[in-house]
Amino acid sequence: DSGVTQTPKHLITATGQRVTLRCSPRSGDLSVYWYQQSLDQGLQFLIQYYNGEERAKGNILERFSAQQFPDLHSELNLSSLELGDSALYFCASSVDQRRETQYFGPGTRLLVL
Amino acid sequence: AQTVTQSQPEMSVQEAETVTLSCTYDTSESDYYLFWYKQPPSRQMILVIRQEAYKQQNATENRFSVNFQKAAKSFSLKISDSQLGDAAMYFCAYRSAWDTDKLIFGTGTRLQVFP
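Quick mapping for you: the protein sequence lines, in order, are chains A and B.
If you count the first sequence from 1, position 104 lands on 104 in this note's numbering, and the numbers rise without skipping.
If you count the second sequence from 1, position 107 lands on 1107 in this note's numbering, and the numbers rise without skipping.
Simulated from the structure, these hints should not be mistaken for lab results.
Please read all numbers here as calculations on a predicted model, not as lab measurements.
Take these hints with a grain of salt, some might be off.
[Stated by the list, open to error] From chain A, some residues computed to sit far from chain B (all C-beta separations above 12 Å):
| hint | residue |
| --- | --- |
| 1 | 2 |
| 2 | 9 |
| 3 | 12 |
| 4 | 19 |
| 5 | 31 |
| 6 | 43 |
| 7 | 55 |
| 8 | 58 |
| 9 | 88 |
| 10 | 92 |
[Unchecked claim] Label pairs and their computed distance ranges (CB to CB):
| hint | chain 1 | residue 1 | chain 2 | residue 2 | range |
| --- | --- | --- | --- | --- | --- |
| 11 | B | 1100 | A | 20 | 32 to 42 Å |
| 12 | B | 1078 | A | 17 | 40 to 50 Å |
| 13 | B | 1114 | A | 96 | 23 to 33 Å |
| 14 | B | 1112 | A | 42 | 17 to 27 Å |
| 15 | A | 113 | B | 1083 | 16 to 26 Å |
| 16 | A | 7 | B | 1046 | 29 to 39 Å |
| 17 | B | 1054 | A | 18 | 18 to 28 Å |
| 18 | A | 62 | B | 1115 | 32 to 42 Å |
| 19 | B | 1030 | A | 18 | 40 to 50 Å |
Just so it is clear, CB atoms sit at the ideal spot from N, CA and C, and this is done for glycine as well.
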């Protein structure tokens, strides 16, 4: 158990819908990262937050957004869902931005029908 | 841009034997971190081992060790005394020490362990 929690574990929804994925980092970790794992794209970095502020953006679609709240938990919002958004979404956390290992949560498996 | 290549989609090993998984990367940076993550059927991403580029000594964690060749940009993972529980996808990952903190992953190697 990495100490990073993600909810829900599974999510099934329809095209065009909007979902919110939640992540609670390990106690004391200030940085949260979101990654997407899909069959065709592999593991890709989406976005990073550090202590409530956005720090880095990767290949995140405009239909996706994220935020980190004062209690350091983070949410990833996916809207206007398409079939291709079906993937495993991981949250990871680390103590700070530099030179620290990222520990991954169990992931949320999203299926868009 | 940095890239990570894992050229072995699948590998297999007999229980108690040793296996080596290959990883090469491309970067113009001199300071960075390299990782091996394990993803068992549960899909959880588990850190196996970490190597700092400025350290010449190869990292080891129990039965897991790496062969880090900085000049060749190679970072292989050796699993000794393989166990059935080692069966998983293994991902090699790169992280810059100075740029963004994102992990750049290879495509993974599926390891099968036979009794």
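Here's how the hints hold up against the structure:
For residue 2 of chain A, the shortest C-beta to C-beta distance to chain B comes to about 8 Å, within the 12 Å cut-off, and the non-interface label is violated. Some Cβ of chain B comes within 12 Å of the Cβ of residue 9 of chain A; the nearest lies about 10 Å off, and the non-interface call is violated. The beta carbon of residue 12 of chain A sits about 16 Å from the closest Cβ of chain B, which is more than 12 Å, so the claim that it is off the interface holds. For residue 19 of chain A, the condition that its CB be more than 12 Å from all CB atoms of chain B holds, with the nearest at approximately 18 Å.
Listed as outside the interface, residue 31 of chain A is inconsistent with that label: its C-beta sits roughly 7 Å from the nearest C-beta of chain B, within the 12 Å cut-off. At roughly 4 Å from the closest C-beta of chain B, the C-beta of residue 43 of chain A falls inside 12 Å, breaking its exclusion from the interface. Its closest Cβ contact with chain B, about 7 Å, brings residue 55 of chain A to no more than 12 Å, contrary to its assignment away from the interface. The Cβ of residue 58 of chain A sits about 6 Å from the closest Cβ of chain B, inside the 12 Å cut-off, so the non-interface label is violated.
Annotated as non-interface, residue 88 of chain A brings its C-beta within 12 Å of a C-beta of chain B; the closest such distance is 6 Å. With a least beta-carbon separation of about 8 Å from chain B, residue 92 of chain A fails to lie farther than 12 Å from that chain, contradicting its non-interface assignment. Restraint check, residue 1100 of chain B to residue 20 of chain A: a C-beta distance of roughly 25 Å breaks the suggested window 32 to 42 Å. At roughly 46 Å, the beta carbons of residue 1078 of chain B and residue 17 of chain A sit within the given window of 40 to 50 Å.
Between residue 1114 of chain B and residue 96 of chain A the Cβ separation comes to about 42 Å, which falls outside the hinted range of 23 to 33 Å. Distance hint for residue 1112 of chain B and residue 42 of chain A: a CB-CB separation of about 20 Å, consistent with the stated range 17 to 27 Å. For residue 113 of chain A and residue 1083 of chain B, the hinted distance range of 16 to 26 Å is not satisfied, since their beta carbons lie about 38 Å from each other. Our hint of 29 to 39 Å for residue 7 of chain A and residue 1046 of chain B is violated, since their Cβ atoms are close to 20 Å apart.
Distance hint for residue 1054 of chain B and residue 18 of chain A: a CB-CB separation of about 45 Å, inconsistent with the stated range 18 to 28 Å. Hint check: residue 62 of chain A to residue 1115 of chain B, Cβ distance near 50 Å, so the stated range 32 to 42 Å is violated. Separation of residue 1030 of chain B from residue 18 of chain A is about 44 Å and conforms to the stated range, judged on CB atoms against 40 to 50 Å.
Violation of the numbered hints given earlier is confined to hints 1, 2, 5, 6, 7, 8, 9, 10, 11, 13, 15, 16, 17 and 18; the remaining hints are satisfied by the structure.
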